[in-house]
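Number of protein chains: 4
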Amino acid sequence: MSQQPVYQPQEVKRREDKSNRARMLISCPDRAGIVAAVSQFLYEQGANIVQSDQYTMDPEGGMFFMRIEFDLQDLELRLSTLQEDFGRVADRFSMRWSIFRAARRKRVAIFVSKEDHALLELLWQWQAGDLDAEISMVISNHQDMRELVESFGITYHYIPVTPDTKAEAERQQRELTSGKVDLIVLARYMQIIPPKFIEQFHNRIINIHHSFLPAFVGGKPYQQAYDRGVKLIGATAHYVTEELDGGPIIEQDIQRVSHRDNVNELKRMGRHIERIVLARAVKWHIEDRLLVFQNKTVAFV
Amino acid sequence: MSQQPVYQPQEVKRREDKSNRARMLISCPDRAGIVAAVSQFLYEQGANIVQSDQYTMDPEGGMFFMRIEFDLQDLELRLSTLQEDFGRVADRFSMRWSIFRAARRKRVAIFVSKEDHALLELLWQWQAGDLDAEISMVISNHQDMRELVESFGITYHYIPVTPDTKAEAERQQRELTSGKVDLIVLARYMQIIPPKFIEQFHNRIINIHHSFLPAFVGGKPYQQAYDRGVKLIGATAHYVTEELDGGPIIEQDIQRVSHRDNVNELKRMGRHIERIVLARAVKWHIEDRLLVFQNKTVAFV
Amino acid sequence: MSQQPVYQPQEVKRREDKSNRARMLISCPDRAGIVAAVSQFLYEQGANIVQSDQYTMDPEGGMFFMRIEFDLQDLELRLSTLQEDFGRVADRFSMRWSIFRAARRKRVAIFVSKEDHALLELLWQWQAGDLDAEISMVISNHQDMRELVESFGITYHYIPVTPDTKAEAERQQRELTSGKVDLIVLARYMQIIPPKFIEQFHNRIINIHHSFLPAFVGGKPYQQAYDRGVKLIGATAHYVTEELDGGPIIEQDIQRVSHRDNVNELKRMGRHIERIVLARAVKWHIEDRLLVFQNKTVAFV
Amino acid sequence: MSQQPVYQPQEVKRREDKSNRARMLISCPDRAGIVAAVSQFLYEQGANIVQSDQYTMDPEGGMFFMRIEFDLQDLELRLSTLQEDFGRVADRFSMRWSIFRAARRKRVAIFVSKEDHALLELLWQWQAGDLDAEISMVISNHQDMRELVESFGITYHYIPVTPDTKAEAERQQRELTSGKVDLIVLARYMQIIPPKFIEQFHNRIINIHHSFLPAFVGGKPYQQAYDRGVKLIGATAHYVTEELDGGPIIEQDIQRVSHRDNVNELKRMGRHIERIVLARAVKWHIEDRLLVFQNKTVAFV
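Residue numbers (the numbering used here), protein chains in the order written: chain A, 6 to 306; chain B, 6 to 306; chain C, 6 to 306; chain D, 6 to 306.
Bear in mind the hints are in silico, worked out from the structure with no lab data behind them. Any given hint could be a false lead.
Copies of the same chain are indistinguishable here, so a pair counts whether it falls within one copy or spans any two.
Said to hold, decoys possible - Straight-line alpha carbon distances no greater than 30 Å define the calculated DSS-like cross-link-like pairs of lysine-lysine that follow:
no. : residue 1 : residue 2
1   : 185       : 272
2   : 288       : 225
3   : 23        : 119
4   : 288       : 301
5   : 111       : 171
6   : 225       : 111
7   : 272       : 23
8   : 185       : 225
9   : 225       : 23
10  : 171       : 23
11  : 23        : 201
Predicted model, so just to flag it, every value in this text is computed and none were measured.
Build the full structure now, drawing on both the sequences and the hints.
Structure below.
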């Protein structure tokens with residue numbers, strides 16, 4: 006078939022060279038000496054710290070969180086040794102930690118149903134070079150967006166979900182994604198994600214909910230908002246947990262509305278907030294800016 | 006007692022002369038000819054329409070709402086005749102309507118407990134001439150703010166509320182306000198308003214709730230917001246109905262927060278939103294900009 | 006050539022039926038009786054007023070502006086008679102006025118250079134049914150966006166502009182647009198529009214300037230903003246006049262930035278504001294919500 | 006005279022104990038090892054880092070900025086030794102640096118003319134415990150606010166400024182403030198600050214300008230904004246330099262306006278932005294969150 010892409014993948018705008026850029030995420034119980042130990046370690050390796058953020062929940066015995074961005078010559082070659090060596094520092098402080106190479110783009114699968122605005126925003130920001138990820142595939146329970154997605158050079162998987170095909174659909178989805186993508190983005194995907202799937206992609210599934218959570222959990226949030234007569238509508242990007250719309254909130258934003266705006270108008274205005282909020286959350290995740298602790302996010306943005 | 010006021014009432018800044026300014030609020034089932042009839046009536050009276058807003062819920066058989074601001078020579082003298090004459094127009098369209106003289110400032114009672122920020126903002130805006138009302142009294146279940154309030158030349162009533170004195174407190178509050186004030190503002194007043202009081206001041210009691218309703222109904226909303234890990238906090242001004250935090254929403258606003266902000270910090274930031282949101286709602290009410298229909302407000306602002 | 010459109014024009018989502026909807030814009034010196042005369046006229050025609058906004062610059066002898074949206078049976082058939090009849094009302098008040106049929110979508114030409122974000126937002130909102138216009142053509146001094154634009158089923162005219170071809174380019178542009186489009190949108194078009202062109206499309210050319218005007222007039226506004234160390238960046242949509250970046254402002258918005266954001270980051274963030282602000286301005290224009298008076302806009306939004 | 010204070014200074018709400026809290030501000034050319042050296046030094050002293058922010062202008066040879074908040078036992082006693090010892094670390098990296106004790110509140114002089122809103126906001130936030138400073142005095146070229154200020158227990162100096170008394174006024178102002186206050190806040194003070202005064206309080210005089218700088222430099226910015234027809238108005242807090250309204254910007258914010266808002270309405274709305282923006286800037290300064298470099302601020306907020 007002679008598919009005619011609009012934007013060739015090779016047209017994706019060139020990004021800054023980041024081959025030696027690494028990002029380190031750390032969480033551990035707070036105590037004196039952590040920053041000294043980490044920064045001393047990096048200094049001895051010859052790394053140059055480009056950015057560093059930290060947060061202590063409570064100066065008295067709380068948790069400590071840290072994100073460090075650094076440059077290190079020959080990073081790719083030296084990474085495994087670096088990780089091994091850092092393990093010794095980490096053990097002293099009972100750290101949970103990861104080091105990511107910025108050049109190793111996260112692989113993303115986008116799930117979508119029939120509404121295209123959230124998907125389009127992600128594709129456009131990706132194409133503009135603002136989302137530094139690899140969009141591996143789009144999975145949908147409808148055929149509607151195939152041409153659009155393929156025109157960006159991205160593979161489109163149509164996996165219908167009906168009561169009968171549910172189990173089979175899940176099997177296919179997991180086969181396509183297990184070990185093959187790093188992040189799943191639900192860009193207005195209107196099906197429930199099964200618990201096993203959620204468990205496997207723990208804190209790696211981002212959903213956009215079309216309300217200012219925890220207001221208007223569940224279905225038809227714009228109708229709910231209209232019925233309540235709120236003066237602001239919102240959208241919430243969150244990690245998916247088993248509790249519906251109850252996972253750790255990553256980002257929220259709102260827009261002013263008035264009595265003049267009917268439900269359709271709220272939906273129209275809401276689309277703009279949804280796409281912006283989701284894109285921000287995805288950007289922060291793929292740039293390793295998010296840590297999750299006790300159903301909340303620490304967002305170093 | 007030689008109380009020493011800081012700001013003399015007579016120092017309140019002079020406002021624009023509004024002796025001939027009137028405001029008309031109308032609601033009725035929509036049908037053709039309403040605007041023509043109303044504007045024709047006003048024209049024949051010699052009135053000059055200064056501002057006019059209207060809203061139709063649904064072009065097919067919905068409700069119609071209108072606010073007209075107009076100037077009419079010798080308004081005070083002519084008002085009762087005007088109202089009588091307009092009654093005939095109103096009857097044709099089954100209108101609910103009121104005409105207010107702008108110069109007849111609404112009399113306001115402010116209820117407050119121990120937190121001063123919302124009260125202070127109201128006093129401040131009033132003193133600056135931004136709130137064109139008469140602040141008749143402040144009623145509090147504590148003595149804390151007596152000196153402050155009296156320094157503005159405003160009467161302060163201390164009415165303690167305990168389980169034992171509850172009935173007596175309500176009796177005193179009603180005696181002070183019945184027929185003597187037009188609006189009651191709960192500026193962080195931490196006691197329940199009894200149903201009879203609410204009934205008597207139907208859609209004339211404004212409360213500030215320290216969350217983005219309907220999220221975090223009830224007590225300790227900042228603690229709730231912190232526990233949920235939201236990225237925005239809000240405040241909501243609403244008319245008080247028997248349903249706790251369930252009345253018609255007048256105004257809402259929000260402020261961005263982050264994981265760094267603990268409950269105290271949320272409270273601190275929240276105070277700024279609360280006072281702004283409450284002051285806006287009060288301003289709109291005293292300028293006759295609000296209509297209530299089916300637990301929602303139409304706000305001509 | 007077998008060009009493969011991604012979104013067929015026929016896929017554009019269906020809009021509400023507006024075949025009998027009209028919009029009337031009026032400006033005239035203020036005096037008593039205008040609203041009565043206009044609403045009486047419409048009532049006698051059998052029109053139903055759906056929305057009405059008015060604004061008086063100064064109750065004492067200022068200008069009066071009005072926008073009325075109404076439904077009238079058989080509008081298309083009756084429009085010319087309606088206009089003729091209204092002429093008599095208009096003459097009494099020295100009105101400047103227009104009546105637009107909502108169903109007669111405005112024809113829009115979009116001018117673009119190499120940056121695609123503002124164009125894409127317009128196409129996207131148009132395709133989603135949010136911009137109720139006919140996008141007649143895209144004109145560019147570069148070939149870059151041909152495929153993208155044609156994939157939406159829109160004609161793309163490549164008109165290079167060099168010092169030598171300038172006159173010829175202008176001739177072509179005017180030939181394509183004169184009498185054929187109602188609005189020209191400069192969606193980051195980096196060439197000067199010649200005075201004659203501006204005169205012909207008086208108050209019908211909308212430009213997006215990438216700063217919060219009047220700050221940072223002229224070239225490289227993000228560099229200017231960075232150098233000045235501002236804490237907010239903005240974008241401004243305005244009608245084009247002969248004075249560079251000096252025409253009537255239609256809409257502005259801003260985004261918070263920090264010392265961390267370098268010029269490239271400002272540009273990236275700015276693109277999001279630019280596209281939103283431009284799309285709002287275009288939407289308001291095509292919905293006949295804008296009146297211009299003395300280099301300012303009255304925006305009934 | 007029996008002046009009757011409304012809020013006794015001792016009523017100022019209790020703040021968190023910060024007797025051992027210090028804040029360190031550092032700027033130097035960027036190179037590897039800075040963070041390691043500083044954090045190692047603090048660790049060896051037994052300090053616990055509570056918060057740390059850093060910023061590198063350009064990973065290749067740019068400037069490096071850092072703010073560290075830490076707790077150290079017996080801080081007051083040990084401070085001078087600590088500073089001496091840190092001097093050796095600082096020299097290795099050519100640092101400009103300071104260490105501030107949080108418990109040593111900055112002494113502030115507020116200059117004001119006739120408009121009270123910015124002053125009142127500062128006094129209220131101070132009184133509420135949000136501004137952790139010592140307000141040493143208010144200096145005004147008018148008598149208007151004496152009673153108000155004295156009711157907070159703050160000394161009020163009336164220093165009239167006329168062409169004849171200018172030199173004498175400056176002499177008095179400097180005598181009152183030299184070595185006696187750490188920060189001067191111009192809370193709508195409508196007189197020019199002389200160059201020598203600015204030099205003496207280099208980056209320690211904060212002004213609030215009532216526009217979104219660099220738009221509308223100079224006098225009557227709201228009139229300028231109205232004349233230009235902007236859709237947002239703003240306010241800017243900045244350090245005062247010899248160039249009028251040209252100093253390093255600390256904070257800005259805006260508010261949406263419409264064609265309906267006349268100059269007086271812009272002023273009214275603007276007052277709310279001015280007071281909020283100024284209070285934020287003052288808060289950041291007194292919490293040692295601001296560094297100035299090349300006429301820009303690095304704001305660790």
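Right, here's what the structure says about each hint:
Taking identical chains as interchangeable, the C-alpha atoms of residue 185 and residue 272 are never at most 30 Å apart, the minima being 34 Å within one chain and 33 Å between chains. With identical chains, the CA atoms of residue 288 and residue 225 are at most 30 Å apart both within one copy (27 Å) and between copies (27 Å). For a Cα distance limit of 30 Å, the shortest separation of residue 23 from residue 119 across copies, 26 Å, qualifies, whereas the shortest one inside one copy, 36 Å, does not. With identical chains, the CA atoms of residue 288 and residue 301 are at most 30 Å apart both within one copy (18 Å) and between copies (28 Å).
When the C-alpha separation of residue 111 and residue 171 is checked against a cutoff of 30 Å, the pair qualifies only within one copy, where the shortest distance is 28 Å, while the shortest distance between copies is 47 Å. Taking identical chains as interchangeable, the C-alpha atoms of residue 225 and residue 111 are never at most 30 Å apart, the minima being 32 Å within one chain and 34 Å between chains. Proximity of residue 272 to residue 23 under the C-alpha cut-off of 30 Å is restricted to the inter-copy arrangement: shortest distance 20 Å between copies versus 39 Å within a copy. Taking CA atoms no more than 30 Å apart as the test, residue 185 paired with residue 225 passes in neither setting, with 33 Å inside one copy and 43 Å between copies.
For the identical chains of this complex, residue 225 and residue 23 are inter-copy neighbours only, at 27 Å across copies versus 43 Å inside a copy, given an alpha-carbon limit of 30 Å. For a Cα distance limit of 30 Å, the shortest separation of residue 171 from residue 23 qualifies neither inside one copy, at 41 Å, nor across copies, at 42 Å. Neither within a single protomer nor between protomers do residue 23 and residue 201 lie at most 30 Å apart by alpha-carbon distance, with minima of 35 Å and 48 Å respectively.
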